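K.L.:
Now for the letters of each chain:
Number of protein chains: 2
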Amino acid sequence: MSCDKIITISRQYGSGGHEIGVALAKKLGIAFYDKELISLAAKESGIAPEVFEQADEKAANSLLYSLSVGLYNYGNGFSNTMGDLPVNDKLYILQHRIMKEKAEKECFVIVGRCADYILRNNPNVVKIFIYADMQSRMRRAVERLEIAPARAKQAVVKLDKTRANYYSFYSGQKWGQADNFDLCINTTQLSTEQSVDLITKYLEIIG
Amino acid sequence: MSCDKIITISRQYGSGGHEIGVALAKKLGIAFYDKELISLAAKESGIAPEVFEQADEKAANSLLYSLSVGLYNYGNGFSNTMGDLPVNDKLYILQHRIMKEKAEKECFVIVGRCADYILRNNPNVVKIFIYADMQSRMRRAVERLEIAPARAKQAVVKLDKTRANYYSFYSGQKWGQADNFDLCINTTQLSTEQSVDLITKYLEIIG
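For the record, the sequence lines run as chains D and F.
Following the working numbering, the numbering of the first sequence begins with 1 at its first residue and continues without gaps.
Following the working numbering, the numbering of the second sequence begins with 1 at its first residue and continues without gaps.
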């Protein structure tokens, strides 16, 4: 099917949001971005991707500073104006810029990275939240992180908290609140394919 | 299509949840309950329906009392044991009982009334949350309540607050939190028919 939409996927840790994003982009024949934006940001800034990877989707504490010195002016020479900002802020600002630029030119699916907030005024954006119950997320954490089942809940809660802090810090909004999304899907009972089916049905409906 | 599910619809005021419930029940060929439960509760208790209507989906403040005196024992003579409980609690307890009984025997769509919480352990229950942006809910409030547009926001906020209090009071959970539902649909861009299409697709998928 063709698509003129940009689909942002926010997701609880272990809910399968990444896999759904990959499969949805494939089905729609459009680009997929998740950690891919780190490589692009690294390339643009000259900073090593490994440095950005450590900072990915983690909040810094200097946004007020970055706002106060006018770093949200996206004109020429932008990346040279970031000076001594923490790497988390640099990454956020670069991803913000890359996302905005891409949204002018192409359709894509993007996971995380405050994309629903950054692209909120774009009329082509469809905002989806993917979540699941704690038990199924714990199972996924055990597989993915190769940790003992006894440690799974702690890991899920911690990773969610990091994402929530990141989202709240940069957006000023509460993470995972239904109101901020067009569609919220509980994947506890759904396979990746079934979730993708439901999202494509939604895209068909809104036309 | 056939259906072996019970579908609970929680809804923000003015989001079209009631209309979606009616149309969904019709499409699935199953019963629909909303205020209908009041008549049933009135019939069972001998209390005038008008009295219950005033108390509908409003919290009382005596649940602890009703728990402490064992009113959650649903044996014979239940309705005679409610004594001097506030009418809100009587209505809640009767609706609770009627809902549980119906869920043993038939499929239905039910709107509001903490149904998602009351029936949470029933494996056939599908829990849906319907919401929309403030502007579209205000438009609906103006039409439905026949009030001036300037008063619409206040009315919507107040009615939501009443529902949230009711839900929190009887369930102990936060109202409208995505985690409590299987599917949350923002109806700002959707007609009633489109919302019903999406829900029936979801029901098809989960089988």
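Treat the hints loosely; a few may be bogus.
As the list claims (entries may be wrong) - Quick list of in silico lysine-lysine cross-link-like pairs, DSS-like style, CA-CA up to 27 Å:
(1) D/Lys-153 with F/Lys-161
(2) D/Lys-201 with F/Lys-161
(3) D/Lys-58 with D/Lys-201
(4) F/Lys-201 with D/Lys-26
(5) F/Lys-174 with D/Lys-174
(6) F/Lys-58 with D/Lys-127
(7) D/Lys-153 with D/Lys-100
(8) D/Lys-58 with D/Lys-161
(9) D/Lys-161 with F/Lys-26
(10) D/Lys-158 with F/Lys-174
(11) D/Lys-201 with D/Lys-158
(12) D/Lys-5 with F/Lys-201
(13) F/Lys-105 with D/Lys-127
(14) F/Lys-58 with F/Lys-102
(15) D/Lys-174 with F/Lys-158
(16) D/Lys-127 with F/Lys-35
(17) F/Lys-153 with F/Lys-35
(18) F/Lys-127 with D/Lys-174
(19) F/Lys-127 with D/Lys-201
(20) D/Lys-174 with F/Lys-161
(21) F/Lys-174 with D/Lys-153
(22) F/Lys-35 with D/Lys-161
(23) F/Lys-102 with D/Lys-201
(24) F/Lys-174 with F/Lys-100
(25) D/Lys-127 with F/Lys-153
(26) F/Lys-100 with D/Lys-127
(27) D/Lys-201 with F/Lys-27
(28) F/Lys-153 with D/Lys-174
(29) F/Lys-100 with F/Lys-35
(30) F/Lys-153 with F/Lys-174
(31) D/Lys-201 with F/Lys-153
(32) F/Lys-201 with D/Lys-27
(33) D/Lys-27 with D/Lys-5
(34) D/Lys-127 with D/Lys-105
(35) D/Lys-127 with D/Lys-102
Stated by the list, open to error - A short list of chain D residues far from chain F (calculated; beta carbon distances all over 10 Å):
(36) Val-87
(37) Ile-98
(38) Asp-133
(39) Val-157
(40) Ser-171
Calculated from the structure, these hints are not laboratory results.
From a predicted model like this one, the values you see are computed outputs, not experimental measurements.
Here a beta-carbon is modelled for each residue, glycine too, at the ideal position from N, C-alpha and C.
K.L.:
Take the hints in turn and mark each one as holding or not.
P.N.:
Here is how each hint holds up against the structure:
{"no.": "1", "hint": "D/Lys-153 with F/Lys-161", "in the structure": "violated (33 Å)"}
{"no.": "2", "hint": "D/Lys-201 with F/Lys-161", "in the structure": "violated (33 Å)"}
{"no.": "3", "hint": "D/Lys-58 with D/Lys-201", "in the structure": "violated (33 Å)"}
{"no.": "4", "hint": "F/Lys-201 with D/Lys-26", "in the structure": "holds (21 Å)"}
{"no.": "5", "hint": "F/Lys-174 with D/Lys-174", "in the structure": "holds (14 Å)"}
{"no.": "6", "hint": "F/Lys-58 with D/Lys-127", "in the structure": "violated (33 Å)"}
{"no.": "7", "hint": "D/Lys-153 with D/Lys-100", "in the structure": "violated (35 Å)"}
{"no.": "8", "hint": "D/Lys-58 with D/Lys-161", "in the structure": "holds (10 Å)"}
{"no.": "9", "hint": "D/Lys-161 with F/Lys-26", "in the structure": "violated (42 Å)"}
{"no.": "10", "hint": "D/Lys-158 with F/Lys-174", "in the structure": "holds (22 Å)"}
{"no.": "11", "hint": "D/Lys-201 with D/Lys-158", "in the structure": "violated (33 Å)"}
{"no.": "12", "hint": "D/Lys-5 with F/Lys-201", "in the structure": "holds (21 Å)"}
{"no.": "13", "hint": "F/Lys-105 with D/Lys-127", "in the structure": "violated (38 Å)"}
{"no.": "14", "hint": "F/Lys-58 with F/Lys-102", "in the structure": "holds (22 Å)"}
{"no.": "15", "hint": "D/Lys-174 with F/Lys-158", "in the structure": "holds (22 Å)"}
{"no.": "16", "hint": "D/Lys-127 with F/Lys-35", "in the structure": "violated (33 Å)"}
{"no.": "17", "hint": "F/Lys-153 with F/Lys-35", "in the structure": "holds (24 Å)"}
{"no.": "18", "hint": "F/Lys-127 with D/Lys-174", "in the structure": "holds (23 Å)"}
{"no.": "19", "hint": "F/Lys-127 with D/Lys-201", "in the structure": "holds (19 Å)"}
{"no.": "20", "hint": "D/Lys-174 with F/Lys-161", "in the structure": "holds (19 Å)"}
{"no.": "21", "hint": "F/Lys-174 with D/Lys-153", "in the structure": "holds (22 Å)"}
{"no.": "22", "hint": "F/Lys-35 with D/Lys-161", "in the structure": "violated (40 Å)"}
{"no.": "23", "hint": "F/Lys-102 with D/Lys-201", "in the structure": "violated (32 Å)"}
{"no.": "24", "hint": "F/Lys-174 with F/Lys-100", "in the structure": "holds (22 Å)"}
{"no.": "25", "hint": "D/Lys-127 with F/Lys-153", "in the structure": "holds (24 Å)"}
{"no.": "26", "hint": "F/Lys-100 with D/Lys-127", "in the structure": "violated (35 Å)"}
{"no.": "27", "hint": "D/Lys-201 with F/Lys-27", "in the structure": "holds (18 Å)"}
{"no.": "28", "hint": "F/Lys-153 with D/Lys-174", "in the structure": "holds (22 Å)"}
{"no.": "29", "hint": "F/Lys-100 with F/Lys-35", "in the structure": "holds (16 Å)"}
{"no.": "30", "hint": "F/Lys-153 with F/Lys-174", "in the structure": "holds (22 Å)"}
{"no.": "31", "hint": "D/Lys-201 with F/Lys-153", "in the structure": "violated (32 Å)"}
{"no.": "32", "hint": "F/Lys-201 with D/Lys-27", "in the structure": "holds (18 Å)"}
{"no.": "33", "hint": "D/Lys-27 with D/Lys-5", "in the structure": "holds (13 Å)"}
{"no.": "34", "hint": "D/Lys-127 with D/Lys-105", "in the structure": "holds (18 Å)"}
{"no.": "35", "hint": "D/Lys-127 with D/Lys-102", "in the structure": "holds (17 Å)"}
{"no.": "36", "hint": "Val-87", "in the structure": "holds (31 Å)"}
{"no.": "37", "hint": "Ile-98", "in the structure": "holds (27 Å)"}
{"no.": "38", "hint": "Asp-133", "in the structure": "violated (8 Å)"}
{"no.": "39", "hint": "Val-157", "in the structure": "holds (13 Å)"}
{"no.": "40", "hint": "Ser-171", "in the structure": "holds (17 Å)"}
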